[in-house]
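Protein chains in written order, with this note's numbering: chain A, 1 to 214; chain B, 1001 to 1638.
Please note that a few of the clues may not be correct.
Stated by the list, open to error - Label pairs and their computed distance ranges (CB to CB):
{"#": "1", "chain 1": "A", "residue 1": "V202", "chain 2": "B", "residue 2": "T1588", "range": "52 to 62 Å"}
{"#": "2", "chain 1": "A", "residue 1": "A185", "chain 2": "B", "residue 2": "Y1622", "range": "31 to 41 Å"}
{"#": "3", "chain 1": "B", "residue 1": "I1276", "chain 2": "A", "residue 2": "V202", "range": "49 to 59 Å"}
{"#": "4", "chain 1": "B", "residue 1": "A1045", "chain 2": "A", "residue 2": "N107", "range": "27 to 37 Å"}
Since the hints were made in silico from the structure, they are not lab data. Note that the Cβ used here is the ideal one computed from N, Cα and C, for glycine as well.
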Amino acid sequence: MKTVSLTIDGEKVTARQGEKVLWAALDNGIYIPNLCALRDASEIPAACRLCFVEVEGKEQPVTACTETVEPGMVVNTRGPSALRLARTAFELLMSSHPVDCAHCPANGSCELQKIAHHLGTKLKTRRFRKLLRELPVDSSSPVFIYDPNKCVLCGRCIWICRERLGIGVLGFAHRGFERVVTTFADEPIAESGCRDCGECVVVCPTGALTFKEQ
Amino acid sequence: MKATGFQSVASTFREIKSRAESQWRGLRDGGKSVIMVGAATCGRAAGALEVLQAIKRELKKQKLDCPVVEVGCMGHCYAEPIVTISKPGYPPICYRHVNPVIAERLVREFILGDDPCLEFVLAALEENDLVPSFSDFPRAKFEKKVILKNCGHIDPEQIEHYIANGGYSALAKALQMQPEEIIDEVKRSGLRGRGGAGFPTGQKWEICRNALGKPKYVICNGDEGDPGAFMDRAILESDPHSVLEGMLIAGYAIGARYGYIYVRAEYPLAVRRARIALRQARKLNLLGRNILGSDFSFDIKLFQGSGAFVCGEETALIASLEGEPGIPCYRPPYPATNGLYGKPTVINNVKTLVSISHIVQNGAEWFASVGTERSKGTAVFALAGKVINTGLAEVPMGTTLRQVIFDVGSGIPGGKRFKAVQIGGPSGGCLPESALDLPIDFDSLTDAGAMMGSGGMIVLDEDDCMVEISRYFLEFTQRESCGKCTFCRLGTKQMLEVLAEITKGKGKIEDLDMLSQLAEDIKAGSLCGLGKTAPNPVLSTLRYFRDEYEAHIKEGRCPALMCQELIAYYIVPEKCERSCDACVGTCTVEAISSHPKKRYKIIDQEKCVKCGTCVTSCPPQYNAIVKLSPPGQVPASK
């Protein structure tokens, strides 16, 4: 296996040739906020827009999940323009996320909390208007509850269900602000061919998919 | 290919061409009057089909046997329906705003009689002593028709018309060249993609030709989605073969076997005419196996898009063609190397492809002699909004905005003042009067904060509120956003919310800084071209018309008197005729009553829904009803 050495945040690291900067950083213990990235996915979604980093020689910040490592590359995950974009993206996500951590089962394990901590941003955004969607919660499954209001549309659940497990119960529907993860024809999850494996709950970074209390 | 192959292409095409020419001559020089009716969508909307029927009916009644030809759009959409009559002994004359009654008169008085009905004339097609011709128009000095050369002058449903007017000659020529020569020619011509971004076409082709993978594809991007842009539709409706020819040459140059025309289903006439064109081209072996006896085989399929704006983005377009949802994905790899079904694919805009045959035919130097240093050739604009001559204009790159709007478009109707021009649709920006002398090319427009885009040009006058305009465009992009990436899905929604508040007078001055910061972030952070350009209308209006935003926020005043919540209707007592009840009768909510003693009319501001009907009902000699902003300006009635 050919490796490439590069510098991330002043630290010399090595990564497999062809690897993306995001994984190179994470594997070396350097955290870059991310939600939609999947190591094994054939296609990079590049949808959450949180993993911006600065690369020496590039004018604009780039997303770490799409940037391939190069020998001698100098990456700065804490550059001001990269952080600015990541913070704006995060605040935008939070502007349509109901922040009620105390009553959320994901409290403590929620990646949004982790990202907020990393970026030094509050969970409740003051800069933007609160735009909640008020969608119905689906608790039809015997195993888990799906609250689309807390969903950040990262697509991890869709990928695991369709690509990894070959079931394909979940998918994206609608466009723009209405975009939502749902079942075919919006049927309740219990009636949509779900096998109650709960893998989607495991990969969900937020409290959108949570196990029912036993 | 061997020399014998070249000879066979030349002789096969010569045969086809001479047959087409004799058919065309039979039409033009058959000793009969030829009537051409502009029946593209613009003409049809204005009533061209009724005119067509009236002409046929009257010809039958008068027992005249004249060919009636449906042609496309000449670009003079403001004058539709347009009928062109070529009568032996007369120059071909175009008539404007023809209705069935005028059409019948033209048949009776001009074709049967000898009165050319000068009162209905738009212009003659050729210079003559009888009527002014198009070349006498002030706009003729600025226009240069290359891409639109045939539009409105040939029957788009007859391949012979296209061939007789020089069509497919470039293909025959190209098939006798080496593919690399063609790519080199296109590169030297300096042609840049007409879809908006302006990527050098020759370079794209070269990358695709050199890319590994088979089969390769050529896609014609006819998914024209900008509000106010209609040139791709006009070309597909008026001259579909020119698009096919461009695709064929592209296919030959990059080594492709198949092509797709991606056109939106909302363009049924374009779809129909493109389908007819494909059928006719196949019949003459201009499509299919061993085209014109060469060893080049190519075929084209037509694909109807369902009308999502984002499908104009090339990766979303490919996804849509593959049967997936039209959602963009991350580039690179670019479609030129990994496109349709993962194979190397060239995607070109309709106008880019039409330019190709002219480059092959006339040479790179000829094409490069038109335009500016870094943008060569001509630009097609769809003029819409507050401009007298709405329609299509084709001008050399480097023509100024002022020339396009005031010389070609004849300026603003109703003696109103020019305020701004919105270029490039939802991805473009609003440029003010100070930018009017800007020579138009890809780079100058981008520097000024707009974008060439697909070439929509919406002219705005003093009655248009710039905050409302940017809200309108943002509402469009917001609705058309696929929702995949955070910036576009939520960022445009946030901007839209803030703009809507401002137009209602509920904005805060801090919002302006938030807007411009957010707009910059969306521009830098979005995944695809739609998101990256969506903030342009906001950024450009904030840059050039910040005073209007401030008037809305600080004074609750809409300077253009457009934002409903910030205006009030008021009847000026001194102007009101008093005994007239026109406004009282038309008010839909009975908000208008008479002053008990002085009889002038008063609007009850509580009841008024600001529909504006009273303004139109007030007889022009009184003109007593005015709009005031802020609404608090309405004096208390005495």
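Practice item. Taking the numbered hints from earlier one at a time, note which ones the structure violates and give those numbers from smallest to largest. Key: 2, 4
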